[in-house]
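K.L.:
So the chains spell out like this:
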Amino acid sequence: MKRGIAIATIGAGLLLAAPIASLAQAPAAPTEPGPQTPPMVPPAKPGVFTATKKGPTGYHLVVTGHNFTSREAIEHYLAYRAAILTQEQKSSWFTLTENHAKGDTVPATKPDPAGLRYSFRMAYWRPVWRYKTAGSPAWKTWSPFSGTPFPITDPKSVSDYEASADIVLHKGQMNDADPLAYEAGAVDDWLVNQVSPPT
Amino acid sequence: MILHKRLMICAASAGLMAGMMPASAAPWVRGYVVGQYEYAFRYGGRPDFTRGAEIEPGVDCPHGASVHFANDTQTKIAVGRQKYRSRQEVEWIAKPPGLDEVRAPVLTRFWLWARAVAYRGYKRDIETYVNPWAAEDPGQPQVTSRIGDGFNLDGKVKASDFISPDGEKGIDNNLYRAWGCDAPWRGNGNATLDLRANDKMQDGLYTMVIRVSGNKDPMNDDNATLEIGYSPDKIVKDARGGIAVDYSYRMLQSAQYTRLKAKIRNGVVETEQVEHLHSPRIAWFYDQTGDANFSKGKIRLNMSADGLTATGLIGGYRDWRELYTENTFAQDGAQQGIREHEDHVALYYALRRNADGMLNPKTGKNDGISSVYRIKAASAYVVDPENLAMEVPKLPLDEKRMQAFLAIKANTINGAETRVPQLVPPGTTEFGVGITEGLMNGLPSADFFMSTLYRQHYAGEDEDGYPEWMQEYKKHPEGGFQPKKPKKPAATPPAAQPAKPQNQVQNGDKQIANAKP
Numbered sequence: 001m002k003r004g005i006a007i008a009t010i011g012a013g014l015l016l017a018a019p020i021a022s023l024a025q026a027p028a029a030p031t032e033p034g035p036q037t038p039p040m041v042p043p044a045k046p047g048v049f050t051a052t053k054k055g056p057t058g059y060h061l062v063v064t065g066h067n068f069t070s071r072e073a074i075e076h077y078l079a080y081r082a083a084i085l086t087q088e089q090k091s092s093w094f095t096l097t098e099n100h101a102k103g104d105t106v107p108a109t110k111p112d113p114a115g116l117r118y119s120f121r122m123a124y125w126r127p128v129w130r131y132k133t134a135g136s137p138a139w140k141t142w143s144p145f146s147g148t149p150f151p152i153t154d155p156k157s158v159s160d161y162e163a164s165a166d167i168v169l170h171k172g173q174m175n176d177a178d179p180l181a182y183e184a185g186a187v188d189d190w191l192v193n194q195v196s197p198p199t
Numbered sequence: 001m002i003l004h005k006r007l008m009i010c011a012a013s014a015g016l017m018a019g020m021m022p023a024s025a026a027p028w029v030r031g032y033v034v035g036q037y038e039y040a041f042r043y044g045g046r047p048d049f050t051r052g053a054e055i056e057p058g059v060d061c062p063h064g065a066s067v068h069f070a071n072d073t074q075t076k077i078a079v080g081r082q083k084y085r086s087r088q089e090v091e092w093i094a095k096p097p098g099l100d101e102v103r104a105p106v107l108t109r110f111w112l113w114a115r116a117v118a119y120r121g122y123k124r125d126i127e128t129y130v131n132p133w134a135a136e137d138p139g140q141p142q143v144t145s146r147i148g149d150g151f152n153l154d155g156k157v158k159a160s161d162f163i164s165p166d167g168e169k170g171i172d173n174n175l176y177r178a179w180g181c182d183a184p185w186r187g188n189g190n191a192t193l194d195l196r197a198n199d200k201m202q203d204g205l206y207t208m209v210i211r212v213s214g215n216k217d218p219m220n221d222d223n224a225t226l227e228i229g230y231s232p233d234k235i236v237k238d239a240r241g242g243i244a245v246d247y248s249y250r251m252l253q254s255a256q257y258t259r260l261k262a263k264i265r266n267g268v269v270e271t272e273q274v275e276h277l278h279s280p281r282i283a284w285f286y287d288q289t290g291d292a293n294f295s296k297g298k299i300r301l302n303m304s305a306d307g308l309t310a311t312g313l314i315g316g317y318r319d320w321r322e323l324y325t326e327n328t329f330a331q332d333g334a335q336q337g338i339r340e341h342e343d344h345v346a347l348y349y350a351l352r353r354n355a356d357g358m359l360n361p362k363t364g365k366n367d368g369i370s371s372v373y374r375i376k377a378a379s380a381y382v383v384d385p386e387n388l389a390m391e392v393p394k395l396p397l398d399e400k401r402m403q404a405f406l407a408i409k410a411n412t413i414n415g416a417e418t419r420v421p422q423l424v425p426p427g428t429t430e431f432g433v434g435i436t437e438g439l440m441n442g443l444p445s446a447d448f449f450m451s452t453l454y455r456q457h458y459a460g461e462d463e464d465g466y467p468e469w470m471q472e473y474k475k476h477p478e479g480g481f482q483p484k485k486p487k488k489p490a491a492t493p494p495a496a497q498p499a500k501p502q503n504q505v506q507n508g509d510k511q512i513a514n515a516k517p
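Chains as they are written, first to last, in the working numbering: chain Y, 1 to 199; chain W, 1 to 517.
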């Protein structure tokens with residue numbers, strides 16, 4: 001049935017192809033696409049982002065804040081900074097190193113050489129978290145590989161947080177079969193209009 | 001026909017000069033008209049495959065060709081990536097409720113999908129095909145085979161390079177790696193866009209000619225010349241639909257012309273590598289036609305001993321953003337994508353990450369991707385025009401469409417460089433402007449879609465949402481426009497719909513200023 005619909009769709013498209021192209025004529029009036037100011041992510045306050053060298057081409061990245069907005073917003077900012085750091089170091093892509101621990105229930109991510117290839121897959125950008133709740137001096141940790149749900153359900157209850165990731169920088173042709181590989185320029189382009197440093 | 005005869009006389013004199021001389025140490029000329037022109041992709045499926053399935057696996061593509069938008073499941077995946085869409089929106093796009101109520105259900109679904117997939121950016125109001133960088137990478141099947149046609153363009157042998165069928169290492173053809181599994185370009189001589197482009201070329205959209213000349217033996221000459229260029233003369237077919245041989249074609253020394261030094265050994269012409277190799281582009285609409293402009297380009301041509309046919313490769317680095325726009329905006333990204341089961345966002349990212357040449361010193365990134373095109377040609381008289389300054393003729397009726405293409409191409413490249421989302425300029429059919437609206441009448445869920453799915457608006461649209469340049473289309477019998485009918489009850493109880501669609505963006509909140517056609 002699905003195949004039947006697909007074929008019918010192709011047929012419809014082919015039928016339409018010529019009339020649309022030949023009849024859709026219009027002068028190309030100058031467009032006004034709005035402000036052309038290149039986007040810029042505001043600089044982070046000191047201490048919000050740190051990158052510690054780890055091995056010849058590795059870095060341990062940490063984003064720290066007090067006002068928890070959302071998991072996605074903070075993790076995206078960390079990914080953006082990873083992309084910027086990669087380009088600053090004259091590399092073109094980076095890989096995320098997953099730090100699995102004993103007892104984790106989420107399996108390690110494996111490359112699929114025969115599968116689809118990507119420039120980046122945000123679904124596999126999974127930093128590790130630390131956080132403190134109001135009134136408690138102790139840090140609590142959470143790993144995305146633990147199999148437990150993300151623990152911060154009430155943003156107001158969090159007084160401090162850290163999201164961290166270990167990355168390795170690479171040059172040359174990207175290994176796009178690796179789901180943990182990220183093309184720095186593509187990640188930068190996709191996130192530059194979306195992220196801002198945490199506070 | 002008069003022109004043909006005149007050219008025949010002109011060319012015949014040149015031919016006589018070449019043909020009546022001894023086989024060696026005499027001036028000679030061989031001309032060809034290109035009858036097939038396509039990307040040099042090696043199909044890895046079964047040789048006897050004749051579209052028995054859409055996703056035939058092979059050594060080139062282990063899981064077969066791309067299946068983007070091939071069915072409601074694939075479309076659901078594509079629109080499900082945007083977190084601003086409600087679950088209901090995703091479900092309803094994939095399977096529009098009440099589709100059986102409309103006159104043309106398949107067409108309505110097609111253009112409803114076109115509207116939805118044209119907006120997949122990080123914000124609901126960013127058009128995807130003009131701003132592919134603003135959408136997440138949907139993923140593309142890529143060629144995993146090590147065998148590929150082409151040239152060693154950079155003089156290096158890298159681990160990622162292909163090996164030619166003859167065993168030559170270091171072959172650079174990353175366009176094959178990036179797009180070789182893309183459905184409309186993958187096939188055993190039956191890829192849909194290959195067929196379409198060749199059909200249009202053979203029907204007169206453009207003509208490409210090659211002239212090889214020298215002073216020794218046509219099969220062995222170490223000081224030959226190869227010229228390639230555009231001809232204003234339409235391809236002549238024989239009675240069987242093939243390319244008729246030995247007709248005359250003028251070759252313009254225009255922007256699509258290159259003269260290269262060449263060496264010939266046993267009928268194989270190898271040209272020098274030049275900084276810019278100008279030749280016609282692959283095209284199936286007038287708006288795509290123009291100069292391919294291969295950087296560090298070269299040509300290899302195998303001439304048959306009888307001179308009747310030639311096959312070969314033309315390669316070099318092509319600007320990958322130009323390749324993207326040429327493939328996306330012949331019509332519009334969503335229409336071609338849904339019809340051909342390709343996703344231009346995936347193709348954009350595949351080009352980008354496989355770019356391997358034309359290093360831009362300002363950005364430090366590669367603007368080019370190694371690309372190889374395959375040519376098959378038939379014998380022809382290739383002559384100079386009487387007016388050597390003659391330019392490639394324009395098609396007045398299609399010139400407005402060409403200008404719209406150039407405008408959207410400029411916006412796309414500008415957006416990719418500045419990372420400022422661009423609007424779609426007037427004159428295109430992007431996001432099914434007007435078309436989708438015209439097909440919604442009679443669909444019980446139309447109100448939901450029209451209030452939920454964003455689209456850019458233009459000044460001067462009529463009450464049905466058609467801008468001025470779509471008015472002719474609206475009148476066309478196949479235009480899909482259906483007069484409004486009395487509303488029928490909704491397909492599902494009202495309680496199932498959200499009181500207010502989540503993350504709704506009001507249509508009409510962004511207009512192009514001064515966009516008077």
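If you're looking for bench data, these hints aren't it; they were derived computationally from the structure. What you are looking at is a predicted structure, and each value in this text was computed from that prediction instead of being measured. Hints are not guaranteed to be accurate.
Covered by chain W, according to a simulated footprint, are these stretches of chain Y (three or more residues, beta-carbon under 8 Å) [said to hold, decoys possible]:
1. 99-109
2. 116-130
3. 145-155
4. 173-181
No farther apart than 27 Å at their CA atoms in a straight line, the calculated lysine-lysine pairs in the DSSO-like style are these [claimed, not checked]:
5. Y/K53 x W/K365
6. W/K400 x W/K234
7. Y/K132 x Y/K90
8. W/K234 x Y/K110
9. W/K158 x Y/K90
Per label pair, the in silico range of CB-to-CB distance [stated by the list, open to error]:
10. Y/H100 x W/K158: 44 to 50 Å
11. W/G80 x Y/A101: 43 to 49 Å
12. W/N360 x Y/S70: 32 to 38 Å
13. W/K169 x Y/A123: 24 to 30 Å
14. W/K169 x Y/K110: 25 to 31 Å
15. W/D384 x Y/M40: 53 to 59 Å
Quick reminder that beta carbons are idealized off the backbone N, C-alpha and C, glycines included.
K.L.:
For every hint, state whether the structure bears it out.
P.N.:
Each hint tested on the structure:
{"no.": "1", "hint": "99-109", "in the structure": "violated (count 0)"}
{"no.": "2", "hint": "116-130", "in the structure": "holds (count 7)"}
{"no.": "3", "hint": "145-155", "in the structure": "violated (count 0)"}
{"no.": "4", "hint": "173-181", "in the structure": "holds (count 3)"}
{"no.": "5", "hint": "Y/K53 x W/K365", "in the structure": "holds (25 Å)"}
{"no.": "6", "hint": "W/K400 x W/K234", "in the structure": "holds (22 Å)"}
{"no.": "7", "hint": "Y/K132 x Y/K90", "in the structure": "violated (36 Å)"}
{"no.": "8", "hint": "W/K234 x Y/K110", "in the structure": "violated (54 Å)"}
{"no.": "9", "hint": "W/K158 x Y/K90", "in the structure": "holds (20 Å)"}
{"no.": "10", "hint": "Y/H100 x W/K158: 44 to 50 Å", "in the structure": "violated (33 Å)"}
{"no.": "11", "hint": "W/G80 x Y/A101: 43 to 49 Å", "in the structure": "violated (31 Å)"}
{"no.": "12", "hint": "W/N360 x Y/S70: 32 to 38 Å", "in the structure": "holds (36 Å)"}
{"no.": "13", "hint": "W/K169 x Y/A123: 24 to 30 Å", "in the structure": "violated (37 Å)"}
{"no.": "14", "hint": "W/K169 x Y/K110: 25 to 31 Å", "in the structure": "holds (30 Å)"}
{"no.": "15", "hint": "W/D384 x Y/M40: 53 to 59 Å", "in the structure": "holds (55 Å)"}
In summary, the numbered hints that this structure violates are 1, 3, 7, 8, 10, 11 and 13.
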